[in-house]
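Trainee: Fit chain X with the ligands to the known structure of chain E by using the hints.
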Amino acid sequence: MTSHAITSTEPTSVGWRSALPIAAVAVVAAYGLMSSDYVVTVLGFAFIYAIFCTGLNFFMGYTGQASFGQSAFAAIGGYGSAILCTDYGWEPLLALIATMAISGVVAAVVGYPTLRLRGHYLAMATFALGLIAYEITIEWTSLTQGYMGYAGIPPLGLGGFELATLKQQFIAIVVMALIGVGVASRLRQSRFGRALASIAGSELAARALGVDIARYKLVAFVIAALYASAAGSLFAHFVGFISPEIYGTSMVIQSFAMLYLGGIGTTWGPMLGAVIVSVLPEALRGLKEMQDIAYTAILIFILIFAPRGLAGLTVLFRRARRPALGKA
Amino acid sequence: MALLSVREATKRFGGLLANEAISFDVEEGELLAVIGPNGAGKTTLFNVISGAYPPTSGSIHFDGRDITGASPHGVAHAGLVRTYQLVQLFKNLTVAENVEIGSHRVTRGGVFSALFRPHWMQQQEKSVSVGARELLRFVGLEAQADDPADTLPYGRQRLLEVARALAARPRLLLLDEPAAGLNTQETEALAEVISRIHLGGTTVILIEHDMSLVMKIAQRIVVLDFGKKIAEGAPDEIKSHPDVIAAYLGGTEILDA
Ligand SMILES: Nc1ncnc2c1ncn2[C@@H]1O[C@H](COP(=O)(O)OP(=O)(O)OP(=O)(O)O)[C@@H](O)[C@H]1O
Ligand SMILES: [Mg+2]
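As given, the protein sequences belong to chains E and X, one line each in that order. Numbering (full-length UniProt numbering) for the first sequence: 1 to 328. Numbering (full-length UniProt numbering) for the second sequence: 1 to 257.
If you're looking for bench data, these hints aren't it; they were derived computationally from the structure. None of the hints are false.
If you anchor each label on the Cβ, the simulated ranges turn out as follows:
no.	chain 1	residue 1	chain 2	residue 2	range
1	E	117	X	201	37 to 43 Å
2	X	13	E	124	25 to 31 Å
3	X	201	E	120	44 to 50 Å
4	X	181	E	281	49 to 55 Å
Backbone N, C-alpha and C define an ideal beta-carbon position, used for all residues, glycine too.
For reference, chain E alone in the conformation it holds in the complex (with noise of 0.2 Å):
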């Protein structure tokens, strides 16, 4: 009887909870298809950060850590796609993917002495991992232009086959996103994500079940940071033009407030607060002077009345509904 139920419902309900964010995700994807290319740049740079935001979850929702210094990763991805594609003419794509690579073994280079800090002390050390990142890119002028900044980076695209508009690249980013989601929602639910989330519950307990705690955090360190990267290189695509501040201080903080506002450690979590956090401030654009005061207040307000983040509303509808079937 048990293991019915069980059998039953593990699929079921999974496909059910990501329909209706699907189903969300196409609508406002379509919205901005059939909108200007403004509209479409601003959904696209949400969608940027839904990838960026899925990957710093891994670390900071799923894990339970903080890394303050994402934005490395993501420099590394689009100053290197940059690089690649405009003075040694790679394809976009394996640019991407090269970039995420290097990011990787970065990610576990600089987290296997780092993730051993706890706390302030790790929040540091990775908030010093960004800043470094952002001198680099000042600094190395060679490499990087400087504040000058690198233009003329190609759309993505593949094997002379070019994503020549906007809207084409929207819908290339909005489907990378996705899969960004899937990926994590996975390995959420598996043994791996398992592990992962006993961390962030309880390192005492974690470690006498035999999880290997500074092994997994790493793990999840890399994943964030093959995220960053990938997020990265799609803005130098999408825009053409990259300079340090676009992966400075600001991004970092930024993706705070989708991970917190979305739902961190939840599964759409990332991705509804990327999309809001990008929204918010264009919808209140008619408010002039006023359009400041009116974001951070529907931000502080989201965050009182759902502290578990909008997607951590779900959580009172499955439990309004529990004792209704269990009575049933």
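Mentor: Just chain X with the ligands now, with coordinates in the frame of chain E:
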């Protein structure tokens, strides 16, 4: 050969000798209790055995292997699983997920099998989930399987911790005061669960203050006081051991039990 063999285990914190040359063996299938007044060094002994920190001197052998100074997760992988004196649940997860994580040691697979879900992985996921429900039934928590772990009443959180540790299929289970803070009824339920674990063939070391519980289920008792082992023997011997009675300040606690 003994399953666990503690030899001259000593742990010093600065000037304090929390464990001083403690030696004892635990045979396969045994239920051993470790008792002693507050601060006697019981939890420290568990920490030393389970790899939380290395002993200052002495050695720990488990299943014929020297595990002195091994990492906590390494010790767990060898089959020695512990619980903590303070409840350490994964509060952010459901009751069932807590137990599923317990099976980490006896399952396999990483990022790639999670992503591509080969057949064996799907089978494993099913058996992890079915196994978790079975363990929840074993401790009487099946009705709460989908509740968030932190909504359980305290007594049930204790049972959940035991179920989670069992999911790791330990060869030796170390329970640090599992009945702390439980009422009489809950303590009885827990005692019954521990007895059944023991009957199922799992070797258990139990730290416990509740003497009636210890006297009822333990086969052998090790008594610590001020970091030293002052007695070891069957419950009846321990009850009347003069040093033990002295350690417990007149011993009313023990004699009443
Ligand atoms: N990490 C530590 N650093 C310094 N001193 C410690 C540490 N852990 C324990 N101690 C000290 O070692 C002694 C033994 O502590 P321990 O926790 O092992 O006792 P216990 O027998 O488990 O007591 P209780 O019944 O209260 O749980 C105590 O004096 C304690 O203060
Ligand atoms: Mg103790």
